[in-house]
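Number of protein chains: 2
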Amino acid sequence: MQEKTVVAVDAMGGDNAPGEIVKGALDAIAKRGDIKVMLVGKPEAMEKELSGVSYAKEQMEIIEASEVIETAEPPVMAIRKKKDSSIVVAMNLLKEGKADAFVSAGNSGAILVGGQVIVGRIRGIERAPLAPLIPTEKGVSLLIDCGANVDARPSHLVQFARMGSIYMEHVMGVSNPRVAIVNIGAEEEKGNALVKETFPLLKECDDINFIGSIEARDIPSGAADVIVCEAFVGNVILKLYEGLSSTLIGVIKQGLMSTLRSKIGAALALPALKNTLKAFDATEYGGAPLLGLRGLVVKTHGSAKAREVTNAILQCVTFKEQAINDKIKENILQIQEEKE
Amino acid sequence: MQEKTVVAVDAMGGDNAPGEIVKGALDAIAKRGDIKVMLVGKPEAMEKELSGVSYAKEQMEIIEASEVIETAEPPVMAIRKKKDSSIVVAMNLLKEGKADAFVSAGNSGAILVGGQVIVGRIRGIERAPLAPLIPTEKGVSLLIDCGANVDARPSHLVQFARMGSIYMEHVMGVSNPRVAIVNIGAEEEKGNALVKETFPLLKECDDINFIGSIEARDIPSGAADVIVCEAFVGNVILKLYEGLSSTLIGVIKQGLMSTLRSKIGAALALPALKNTLKAFDATEYGGAPLLGLRGLVVKTHGSAKAREVTNAILQCVTFKEQAINDKIKENILQIQEEKE
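Chains as they are written, first to last, in the numbering used here: chain A, 10 to 349; chain B, 10 to 349.
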């Protein structure tokens with residue numbers, strides 16, 4: 010019998026919890042028999058969503074957690090005080106080896122803090138970045154870091170570049186991925202203090218394919234595979250991507266409905282158009298992994314719906330199969346050995 | 010006879026200089042008789058573009074400048090050494106009162122440095138921000154700062170908020186403009202060190218309508234009129250806006266051409282669609298003013314073509330008519346008086 014990937018799922022986190030989260034978990038176990046979900050949260054809330062639904066009972070376990078960490082709560086305090094919150098309980102399952110992975114749409118800061126404090130970083134990793142895949146004209150690029158830990162140091166960004174490169178090569182199958190740092194000009198002398206300090210360090214890394222600076226205007230065309238930046242900038246890029254795509258698609262629909270002639274045209278063109286635009290829908294790509302932790306933690310959008318939760322759970326299987334964390338450990342060891 | 014607005018134009022700056030710049034200047038004087046352009050640059054280059062073209066000679070003056078500041082040149086050194094560059098010569102015209110305004114598509118850093126060193130800041134203004142208008146679902150918002158001076162301090166951001174508010178109220182006619190600071194969450198406790206320090210200062214300003222944090226995803230829908238951020242983040246927003254809009258429009262065209270049915274639809278729908286998308290074209294909005302300088306300096310995109318140059322020149326007339334700089338001076342004086 011094949012070993013199941015066990016995924017702890019935070020039933021209480023995100024704008025659409027618990028309804029969409031539970032639905033996403035049910036869809037994931039329906040899709041693949043080799044997944045087991047541990048659904049963590051308030052029992053009455055979860056049972057309400059599960060009642061009357063038929064599913065494979067051996068693929069779903071209910072884990073009780075009496076507390077919930079809210080979106081606006083200060084993360085450090087929340088992780089420390091709410092020992093019986095869904096996030097803390099699930100992360101302990103991961104730490105104890107009862108689960109392989111953890112998926113949550115909850116408080117980003119709490120997930121990052123909990124990841125570092127409860128699950129723990131790989132030895133040698135200074136900070137665990139949140140690294141979503143963003144759609145481009147050519148496919149997808151990894152945007153690293155979009156986490157809640159802002160004001161990064163140059164050494165953090167160098168590790169982000171290395172981990173991102175491993176992820177794109179071994180999970181996404183991009184050979185020799187192009188790594189670039191987000192900057193306000195293509196020239197080496199441009200940038201803020203952080204970028205100016207980081208640039209020469211990245212140039213020295215012979216284990217990555219560093220192609221220099223990337224201006225934000227060149228991200229959507231897919232000019233780099235791994236896009237390195239600190240978390241404030243990464244957040245701005247990720248959220249502007251979402252906002253601008255949805256606004257433009259709205260504007261386009263309005264344009265198509267503005268004249269009778271264009272309405273007829275729209276009726277003919279929309280099916281093909283929808284397929285193309287789907288490629289630019291960030292929710293298609295499921296969750297973003299926190300890289301550099303001892304266990305796999307995947308954060309989905311706060312606004313995640315069932316489909317995104319399902320995709321995030323499925324992603325855990327690939328991540329485990331590809332043994333990404335072992336590859337990161339090897340890379341760090343190698344760098345340390347070279348230094349000695 | 011009506012007084013002309015005299016605009017010095019950098020014929021040598023930008024990717025498409027001198028051809029598109031000269032063409033833009035010619036179009037501007039053809040459109041309005043109350044503009045006089047002082048075209049600054051290498052005489053042979055400018056004359057080549059003007060030869061054989063008929064235009065109102067009294068609306069165009071050729072000003073010789075033997076040097077050019079290149080895009081990649083370190084700004085401070087360039088302004089200091091290249092005394093006979095088009096940027097320095099034109100800024101001196103502004104300083105001496107021979108020109109009312111200066112338009113350039115050249116080296117952003119040099120324009121910012123020259124603006125501060127040659128033209129000079131309004132007394133009390135600590136830093137002159139570059140403030141382009143960006144398209145939104147509801148119209149346009151002012152993005153302040155997108156300049157080359159990164160790593161700003163909280164007091165800079167407070168002045169940006171004030172100047173931006175004046176601009177949107179008096180140039181764009183938005184009454185009581187909503188001012189927001191770019192952040193990675195809506196909550197006051199989120200953000201990097203700069204945002205956390207600036208937030209309470211903005212809350213205290215009773216001369217602006219501060220509505221709190223804005224996440225990048227809410228910028229395209231027009232959730233604020235004045236969007237305050239430091240220049241690195243502003244640059245990322247501006248350039249991602251440009252890049253993502255153009256990529257999405259490309260993707261949409263591809264989608265429309267993918268099937269025979271959609272091709273027929275596209276032929277019917279495209280004219281209406283083009284009109285709608287035009288509203289999302291940043292080049293429609295001409296140049297971005299450097300606010301807070303004693304004279305008016307307008308920076309257009311490095312990739313500016315004739316239409317954008319024309320719009321930037323026309324914008325100078327409005328800016329002069331509305332006496333924006335006098336309003337900024339009054340505001341600064343008032344704040345100082347209140348403090349005393």
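For the record, the hints were derived by calculation from the structure and aren't laboratory data. One or more hints might be untrue.
Any copy will do: because identical chains look the same in the list, a pair fits if it lies in one copy or spans two.
Unchecked claim - Straight line, CA to CA, 25 Å or less: simulated SDA-like cross-link-like pairs of lysine to any residue:
1) Lys107 x Glu347
2) Lys92 x Lys147
3) Lys314 x Gly194
4) Lys272 x Val260
5) Lys212 x Asp160
6) Lys91 x Glu196
Results of checking the hints against the structure:
1. In the homo-oligomer, the alpha carbons of Lys107 and Glu347 never lie at most 25 Å apart, since the shortest distance is 35 Å inside one protomer and 63 Å across protomers.
2. In the homo-oligomer, the alpha carbons of Lys92 and Lys147 never lie at most 25 Å apart, since the shortest distance is 44 Å inside one protomer and 45 Å across protomers.
3. For the identical chains of this complex, Lys314 and Gly194 are inter-copy neighbours only, at 20 Å across copies versus 37 Å inside a copy, given an alpha-carbon limit of 25 Å.
4. Within a single copy, Lys272 and Val260 get their C-alpha atoms as close as 14 Å, and across copies as close as 20 Å, so both meet the 25 Å cut-off.
5. Within a single copy, Lys212 and Asp160 get their C-alpha atoms as close as 21 Å, and across copies as close as 23 Å, so both meet the 25 Å cut-off.
6. Taking CA atoms no more than 25 Å apart as the test, Lys91 paired with Glu196 passes between copies only; the shortest distance there is 20 Å, against 48 Å inside one copy.
The structure shown violates the earlier hints numbered 1, 2.
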